[in-house]
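Novice: One letter stands for each residue in the lines below.
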Amino acid sequence: MAGKNCVGIASDRRYGQYQTTIATDAQKIWKIHDKLYIGLSGLATDVQTFIEKLKFRITLYQLREERDIKPSCFAQLVSTMLYEKRFGPYFVEPVIAGLEGPNNEPYLCAMDLLGCTSTAKGFVVGGTPSEQLYGV
Amino acid sequence: DTLSIAMDHLLGLVGKDYVLLIADRKVAYSVVALKSDHDKIMHLDASKLFAIAGEGGDAVQFSEYVQKNLHLYNLKTGLPLSTKAAAHFTRNELATALRKGPFQVNALLGGVDHSGPSLYHLDYLGTLHKVNFGAQGYGGYFCYSILDRLWKPDMSLDEGVALMNTCIKEINSRFLVGGADFTIKVVTAEGIRVLDPVLASSA
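Chains as they are written, first to last, in the working numbering: chain A, 1 to 136; chain B, 1001 to 1203.
Looking at chain B on its own, in the form it has when it is part of the complex (with noise of 0.2 Å):
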């Protein structure tokens, strides 16, 4: 499982005013292909998107639950949960299900609300940090050290996707195995982006 898991390439990074967020579309069964068009990153609401890797079951099932539970509060309360506060309940239902039925999911969290954007990375474990920048599976050996050199306080969006292209560019020369598309998706305060996906073939 931990293989399959890692074999998710999820980046993200914070910029001036926004989240961007990429993934790349591929769905793995062992050593075939299933799906090379498979969208990673969730809309939590209209504030918040959930990128997630990890086991097609757990994937899914976890981030509608988080997806609807988040529906909920809004539906009591009135009001919409602050990225902190969902990232912390994720956090949360993740750290419960480790020691019943531990859900084979990392994820990376961005949002934009009331105190800018946040980026929060998640592993399975239910560990949670704040962060500027991260990656999930094998694409964060590659990309880490890019965004550590590059990455800056309060980038332009051009920036950020010009940034994000230089490890996209990485992973696809790089990586092990084939070229990977990549859907990439922007948080504003004015809501979500999605941008044209990122294709292999074109990169």
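So here's chain A without its partners, still in its complex pose (with noise of 0.2 Å):
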């Protein structure tokens, strides 16, 4: 969610199968730069294979560009990258938060499995209890 020229970013720690909890220390928040992070939800292993596949397109953006990426363009980055499996989709929903521009304005953004992004001021959420989420 987002505050006064801040954002912050939230997830649960479980990885579990059916009913059985395998671990309490996953990972689904990974920070792309100082002003960019992103959190995935869904089916782990596509978590795992997204986010690889992400960090090597950011470190050649980096070595291209020489400079961070902006959230909007990363954003439409994500939702391209799973577009681009329309039929055979990552069975994941990012979560996208960071500050944009001079002026460290908020940048929020969530999307499903298809990579339909929404664009929000105050809080986005994803995840299996997406819908209490909102209610919260």
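Think of the hints as simulated: they come from the structure by calculation, not from any bench. There may be inaccurate statements among the hints.
Stretch-level coverage of chain B by chain A, calculated; a stretch enters the list once three of its residues show a Cβ under 8 Å from a Cβ in chain A [claimed, not checked]:
#1 1095 to 1108
#2 1120 to 1127
#3 1179 to 1192
For lysine to aspartate or glutamate, the following EDC-like pairs were computed, each having C-alpha atoms within a straight-line distance of at most 20 Å [unchecked claim]:
#4 Lys1130/B x Asp68/A
#5 Lys1084/B x Glu52/A
#6 Lys53/A x Asp1045/B
#7 Lys1076/B x Glu1064/B
#8 Lys1084/B x Asp25/A
#9 Lys1152/B x Asp1017/B
#10 Lys1152/B x Asp25/A
#11 Lys1130/B x Asp1158/B
#12 Lys1068/B x Asp1039/B
#13 Lys55/A x Glu1093/B
#14 Lys55/A x Asp68/A
#15 Lys1130/B x Asp1148/B
#16 Lys1130/B x Asp25/A
#17 Lys1035/B x Asp1181/B
#18 Lys1169/B x Asp1148/B
#19 Lys1100/B x Glu84/A
#20 Lys1084/B x Glu1064/B
#21 Lys4/A x Glu100/A
#22 Lys1084/B x Asp1039/B
#23 Lys1130/B x Glu52/A
#24 Lys35/A x Glu105/A
#25 Lys70/A x Asp34/A
Cβ coordinates follow ideal geometry from the N, Cα and C atoms, glycine included.
Two chains, each in its own frame: build the complex with the hints.
Specialist: Written out as structure tokens, the structure reads:
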């Protein structure tokens, strides 16, 4: 969610299979750069595959552009990468939080598994209980 | 298929300077026990163990594929892969195969390298997680609670073996399908040691 020139992003840390909890220290949020974070929920294997591919693309971006990627541009990248798999998608739901521009304007964006973006001012949610989170 | 994958019991834990892996020794085909002394823990190299649960063909083919690729890496570069790298390589193979022709293989990969002992939990979808202790198959339903309670960091080998024996006793007393024999292997900085198998009759 967004505050005054700041954003916060949070996730749970459970890795489970049906009713069994296998680990309680799973990472679901990754730092892209100082002013950009992405959270990924959904099928664990696709979360891992997708973040590997994303890190690859961002590393190349860094090397070529010699600057940090803008949150809105990053969101577009994620969306495109997901839609490329339109007929065999990655089962992930990204949530992106960052600060954009010289004034550090909060940028929040959530996506479905096909890459449909929904940008918001106050807060974005994703994951299994996303409807309940809207309530909170 | 999901039923037979779950019928293999795999357990593993990380100790002070070793990783302990155990696996049951039964190979089942529908309701028939084909073999009761099958070794399900493969030696990926001198410092890594790969315990596999799954469909017969996939289990052997996939584990041999990983083993040979690790060997090739060693021959090409002269360097041994770290446990973490081997685990991630294995994960990538499973994840790539997922949407082509998935391997019905769940695994526990344990090894000791320059950073110490580590254990990785791998499922057939290609989900990878580093753990202090782990299980595959129905065994987990019985043993996770025991491991949650009794595992602690830096256990000696004797403590680790005793904890595993407790888990084996539980599986053999509470799991629906008869007594299982277990293969027990340890990997330390010195290499792999095969301990005497635990036989259901003696447990």
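Novice: Within a Cα-Cα threshold of 20 Å, do Lys1035/B and Asp1181/B meet the stated pairing?
Specialist: holds (11 Å)
Novice: Given the hinted pair Lys1084/B and Glu1064/B, is their alpha-carbon gap at most 20 Å?
Specialist: Given pair Lys1084/B, Glu1064/B holds - Cα atoms ~18 Å apart, limit 20 Å.
Novice: Quickly compare the C-alpha distance for Lys1130/B and Asp1158/B to 20 Å and report which way the hint goes.
Specialist: violated (23 Å)
Novice: So if I understand the rule, the pair passes when the alpha-carbon distance is 20 Å or less; does Lys1130/B with Asp68/A pass?
Specialist: At roughly 30 Å apart (the allowed maximum being 20 Å), Asp68/A and Lys1130/B break the hint.
Novice: Regarding the pair Lys1076/B and Glu1064/B, is the alpha-carbon distance no greater than 20 Å?
Specialist: Cα-Cα ~18 Å, so holds.
Novice: Would the pair Lys1068/B and Asp1039/B pass a check requiring their Cα atoms to be no farther apart than 20 Å?
Specialist: holds (18 Å)
Novice: With a cut-off of 20 Å on the C-alpha distance, tell me whether Lys1100/B and Glu84/A pass.
Specialist: Distance of about 17 Å is within 20 Å: holds.
Novice: Holds or violated: Lys53/A with Asp1045/B, Cα cutoff 20 Å?
Specialist: Outside the cut-off at roughly 29 Å; violated.
Novice: Could you grab the alpha-carbon distance between Lys70/A and Asp34/A and see if it respects the 20 Å cut-off?
Specialist: Roughly 11 Å separates the two Cα atoms, so the pair holds.
Novice: Assess, step by step, whether the Cα of Lys1152/B is no farther than 20 Å from the Cα of Asp25/A, and give holds or violated.
Specialist: holds (16 Å)
Novice: Regarding the pair Lys1130/B and Glu52/A, is the alpha-carbon distance no greater than 20 Å?
Specialist: With Cα atoms ~16 Å apart, Lys1130/B and Glu52/A stay inside 20 Å; holds.
Novice: Hinted pair, alpha-carbon criterion (20 Å max): Lys55/A, Glu1093/B. Please report holds or violated.
Specialist: Status holds; Cα separation ~18 Å.
Going through the hint list in order, the structure does not satisfy hints 3, 4, 6, 11, 22.
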